[in-house]
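Peer 1: Assemble the complex: chain A is given as a structure, and chain B must be docked to it using the hints.
Heads up: the sequence lines are chains A and B, in that order. Our numbering applies: residue 1 is where the first sequence begins, and numbers increase by one. Our numbering applies: residue 1001 is where the second sequence begins, and numbers increase by one.
Keep in mind that the hints are not guaranteed to be accurate.
As the list claims (entries may be wrong) - List time: in silico DSS-like cross-link candidates among lysine-lysine, alpha-carbon distance up to 25 Å: (1) A:Lys5 with B:Lys1071; (2) B:Lys1071 with A:Lys47; (3) A:Lys3 with A:Lys102; (4) A:Lys195 with B:Lys1071.
FYI, nobody ran anything at the bench for these hints, they're computed from the structure.
Protein chains: 2
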Amino acid sequence: MSKPKLQFWYDFASTYSYLSAMRIEASASAAGVTVDWRPFLLGPIFKAQGWTTSPFNFYPAKGRYMIRDIKRLSHERGLVFHMPSEFPVNGIKAARLALVGKFEGWIAAFTTAIFRAQFETAADISEDTVLETVADELGLDFARLSALIAKPDIKERLRAQTAHAGRIGIFGAPVFVTPDDELFWGDDRLDQALKWVRAL
Amino acid sequence: MSKPKLQFWYDFASTYSYLSAMRIEASASAAGVTVDWRPFLLGPIFKAQGWTTSPFNFYPAKGRYMIRDIKRLSHERGLVFHMPSEFPVNGIKAARLALVGKFEGWIAAFTTAIFRAQFETAADISEDTVLETVADELGLDFARLSALIAKPDIKERLRAQTAHAGRIGIFGAPVFVTPDDELFWGDDRLDQALKWVRAL
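Just chain A, with the same shape it has in the complex (with noise of 0.2 Å):
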């Protein structure tokens, strides 16, 4: 029998995501589940709910709260959190990217390290010079997909992806779906959902 799925919905901006994708794959594995790794676009999303930037940029003490929130998280899991200058940046290109990644199977690695170089080293992740240097770290040739993620598939495949998001109710980042489609919202509920996913 094959291992039960959950679906990891995120977006490279958001800073829970950032949480989530460092530990999903241990913590899947300790239970017996595969991680679906599903890059989306939370831009759309938050717009068709009338918001045109992130809701930690619309409410100070929220943000400023969500900035500490997270850096006493990454503290107790030994990560390294820096806020990067701008926010949220522009991800389309890395989702892209992570899209091709998932066919040709580095998934997994380039979206770690897309977050690794956003939220460890404050890089803005919306420039080329640092997705090539990630796609470099991987050993992948980043002209080769560059000249992928500029074709229509790709790029129809993100947009098919963030609708299906919003079709299924998803309204921040990230997310777990499990194959039940039952949703699990924030980094606080991935255990819970790997704890719904075995129970199946």
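Peer 2: Below, chain B without anything else, positioned relative to chain A:
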């Protein structure tokens, strides 16, 4: 040495505050921590952020998710949860009564009884008859309490407590505040907050 205190800031209309209220005394006691019950009103706090109602009403997908999330958590914890037909309700009288209970030593029992009336039986806690039933159950004289909360003193204390919440950066509920002024937002941060207090 006296036990360290953890402030528990809650609003009676807050569903996640219900979850915390039902477990905080047991969790804090196990951690050797005393609970400092702090009722306040989210209304003025939300208003200062530009919201006229609960964010769960603004964003339907988020509101639907919240109900599902709380039902799952309630089930895990052996609690009953029914969403009241009106949400959020006006909890101002209940909050004023709770403040009287703080001075008279019955705030924990009163708070949990009000939360149960609202979320277990879906009663409208803005109604005097509901408040009176709860007071009766606790052996409290509702006529005496009603006279007390009609005076300016308790009203002013609740206003001051709510203003204080805003000043220290509270933007939602529940929030736990440690002796060294760390804020932890959300029922899912209770254990972390208690751990923090123990490490001081």
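Peer 1: Does each hint hold? Answer for all of them.
Peer 2: The hints, checked one at a time:
no.	hint	in the structure
1	A:Lys5 with B:Lys1071	holds, 23 Å
2	B:Lys1071 with A:Lys47	violated, 28 Å
3	A:Lys3 with A:Lys102	holds, 18 Å
4	A:Lys195 with B:Lys1071	holds, 16 Å
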